[in-house]
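Same order as they appear, the protein sequences are chains A and B. Everything in the first sequence is counted per my numbering, starting at 1 for the first residue and increasing by one. Everything in the second sequence is counted per my numbering, starting at 357 for the first residue and increasing by one.
No lab work stands behind these hints, which were simulated from the structure alone. Accuracy of the hints is not assured; some may be wrong.
Unchecked claim - One-sided and incomplete, this derived list gives chain B residues near chain A with beta-carbon spacing under 8 angstroms:
no., residue
1, 438
2, 467
3, 494
4, 498
5, 500
6, 515
7, 522
Cβ atoms here follow ideal geometry from the backbone N, Cα and C, with glycine treated the same way.
2 protein chains.
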Amino acid sequence: MLELPGLIDPHVHLREPGGTHKEDFETGTIAALAGGFTAVLAMPNTQPPLVDSASLELAQLAARAKARCDYGIFLGAGEGNTSAASALAPWACGLKVYMDHTYGPLRMQSLPALIEHFQRWPGSRPIACHAEGHSLAVVLAMAHLFDRRVHICHVSTAVEIQLIRLAKERGTQVTCEVTPHHLFLSKSNLPALGSGRGEVRPRLATPEDVAALWESLEVIDCFATDHAPHTLAEKDGEQPPPGFPGLETALSLMLGAVNEERLGMDGLVLRMHTNPQRIFDLPPQRESRIEIDEDHVWEVRGVELHSRCGWSPFEGMKLRGRVRRVYLRGQLAYEDGQALAPPGSGRDLISTPVPA
Amino acid sequence: MLELPGLIDPHVHLREPGGTHKEDFETGTIAALAGGFTAVLAMPNTQPPLVDSASLELAQLAARAKARCDYGIFLGAGEGNTSAASALAPWACGLKVYMDHTYGPLRMQSLPALIEHFQRWPGSRPIACHAEGHSLAVVLAMAHLFDRRVHICHVSTAVEIQLIRLAKERGTQVTCEVTPHHLFLSKSNLPALGSGRGEVRPRLATPEDVAALWESLEVIDCFATDHAPHTLAEKDGEQPPPGFPGLETALSLMLGAVNEERLGMDGLVLRMHTNPQRIFDLPPQRESRIEIDEDHVWEVRGVELHSRCGWSPFEGMKLRGRVRRVYLRGQLAYEDGQALAPPGSGRDLISTPVPA
Chain A
1 MLELPGLIDP HVHLREPGGT HKEDFETGTI AALAGGFTAV LAMPNTQPPL
51 VDSASLELAQ LAARAKARCD YGIFLGAGEG NTSAASALAP WACGLKVYMD
101 HTYGPLRMQS LPALIEHFQR WPGSRPIACH AEGHSLAVVL AMAHLFDRRV
151 HICHVSTAVE IQLIRLAKER GTQVTCEVTP HHLFLSKSNL PALGSGRGEV
201 RPRLATPEDV AALWESLEVI DCFATDHAPH TLAEKDGEQP PPGFPGLETA
251 LSLMLGAVNE ERLGMDGLVL RMHTNPQRIF DLPPQRESRI EIDEDHVWEV
301 RGVELHSRCG WSPFEGMKLR GRVRRVYLRG QLAYEDGQAL APPGSGRDLI
351 STPVPA
Chain B
357 MLELPGLIDP HVHLREPGGT HKEDFETGTI AALAGGFTAV LAMPNTQPPL
407 VDSASLELAQ LAARAKARCD YGIFLGAGEG NTSAASALAP WACGLKVYMD
457 HTYGPLRMQS LPALIEHFQR WPGSRPIACH AEGHSLAVVL AMAHLFDRRV
507 HICHVSTAVE IQLIRLAKER GTQVTCEVTP HHLFLSKSNL PALGSGRGEV
557 RPRLATPEDV AALWESLEVI DCFATDHAPH TLAEKDGEQP PPGFPGLETA
607 LSLMLGAVNE ERLGMDGLVL RMHTNPQRIF DLPPQRESRI EIDEDHVWEV
657 RGVELHSRCG WSPFEGMKLR GRVRRVYLRG QLAYEDGQAL APPGSGRDLI
707 STPVPA
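Just chain A, with the same shape it has in the complex (with noise of 0.2 angstroms):
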C-alpha cells in the first residue's frame, strides 16, 4: 500500500454558492476526499461572485456547514473592489484575477484596476491569474514591475511555458500549475469527447503544446485539477459551458506517469502536496495522508464518481492506483468510495470566519 502525504489541490471550482446542481461544498470535498486530496482551495467565480465581504461569507457558511476536507476560498478581483479586496485578504487564500474570458462574470478588463489589485494586495499570499497568451505577459509584467508573487493558473502552451521559466530566470516571483487535462488531451481528443464536452478553457492544446509542458516538468510548480463541474445537460446542451471534473481522476492519471518513468514520486508529492502548501503558505495538516492500492486498475466511468457532475472527460480510460484511505487530522475520512468525515468537518485553513 503507498502512503502519501494528504494532497492539496490549489484549483478547484465547487459552485457554491449560486451553482448547486453541479457541484457543492459536499460533494466537492467528497469528490476531493475520494481523489487523495485533504484540502482544495476554491474559485471565487461562483453566483454571486466572491468580490466582497457579504459573498465571500456566503462561500465560508456554505463550507463551514458541509465540508469534508479542508479548504481555503480565493477572493475575486473585480473592477470595483480594488480597496475591498486588499481588506479582505486575510480571510482568502489567494486573489483570483481573470485576464481572459471564461465560466463567470468575472473578468478584469480595466488596465487601472489591474494596477490598482498589484499595488494593493499584500504580498503574503499570490495573485492567481486565469492568464493565457499575451495576458501571461502582462501579469508577469505586473509582477515585475510591482514586485508582487504571481501564481499561472493551468498553463496549457509551449509559449506560456517558455515565457514563465524566463521569468523565474530573471528572477519574478511567479509560481504555475498545469492540469492533468492538459497533460493527458490534446484537440487531437476533441472529436472523441464531442464539441460540449470538449469545452475548457484553456481550451485543449497541440500535441506538440503537451509534448512541451512534460518536457518543461521542472518549471511547473503544481499539479492542479481546475475541477470545473457542469453537469451533462449543460456540456450536450446549446451553449456548453466550458470545464472539466478532475478531482476524482487527477492522482491516478499523474501516478501512471510515474509508473511510465515520466515523472518521480518525489516530483509527484511536490507537485500536488509541498508546493501547493509553500506557495499559499497553508498551515500543516497534521496526521493527514492517504494510503493508495498502487496496482489497482479501474476504469473511469463518470456515474459512478461522487462528483455532483456524474461525468468525466476520461470516461472508459483505465487508469492504475487508486486511493483506499484518506486521514485527515487524524481521523479516518475516507475510505474505499465512502466519505466518513461528516459534513462540516472540514477546516478553514486561512481563517476564522469574515468578522460581523
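Go by the hints and put chain B onto chain A.
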C-alpha cells in the same frame, strides 16, 4: 536668433511607397526642414509594408532620390518575417512592432511571432513598439524576459507613463516618446477638430492623461511628431484614417512650453536631438544646426504648410518661434520657407543600400 542643433524626429510617416498622394520623401523632408529637423526616422506601414528586402529597397530608392534631409527607415515586424527581419537589421534604424490596430496592414497578433522577433532582433538598435494599455505591459515583459531594448512610441495615458516609469526603475531597457499632439490636445479638443480630423492613434486622451504626461517629463526620452499625413478629403470622408501631420508645428509648440517654463531649453534639446540620436545609435550630423526667430509669432494655416496633406490639427493656433535657417552638414538646406537642399541630398543615416 536662437541656435539649436538639427532636430531629429524618431517617428514620421512619409507614405512612400504607396501613399504619395498624402506625402512622399520629398514633401515630407521639406516639411521636416521647415520644422527644424535635419533627420527623420520613417515608419514602415507603407504600401507595401516594409517587411522584406524588396519592399525596404523600394523605400530606400525613393528616399535616395528625393530626401532633402537625412533619414533612417524602420523595418516592420510581421508574423512571417522573423528571420528576414533580423537579417535586414543592419539596414534599418529599428524594428517597428504594431501591437495595436492603426493605419496600414501591419499588426502583430501572434505571441510566438512576437517572441521570435524579440529573440532574434540584434541588440544594437531598439524595437520600437506601438503598444497601448495592455499591449504596453506585454512589450515591457518581452523587454525584460528577452533582455532587449524597447522604445515605446507615442505614449498617451497616465497609466502608460506610470508603467514605463516603474519599468525604468526596475532596470528594463525601455525608452519612450510622446507626441506634441498628446501634450497639447485632449479629447476636449475633439468637438472643435471634428470627428474625422480628430482621428489619431493613440486617440487623444483625457485632460488628466495630458496633465500626467507633463508631470512625468523626466520619464519621457523623446518628443516625436508621429507625423502621419492624410489628405483632407480622406480625413473628412466616410472612413477617416487615423493620423495628424506634425513636423511643422512640433518645435514651435515645444518652444511655447519653454516660454511658459513648463520645460527647459536643455530638456527640449535633450528630447528632440540628443536622446533620439543616442537611442537609435545615429551618427552625428556634423555642422548641422538650425536658427530660430524666437519671438516670431505665427498662426498655423494648413494651406501654408509644406506637407502635401495641407492641413493641421493645430489650425488657427498662434505659435511663438519659427525656424529661419537650417544647415545640414555645413550646407544651408532651408531658409525662410524655401528648401534649398536638392532632392536626394539627404543621407541614409543607417546604411548603404541593401545589397542586390
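**OP:** Kindly indicate which numbered hints from before are broken by the structure, ordering the numbers from low to high.
**Re:** 1
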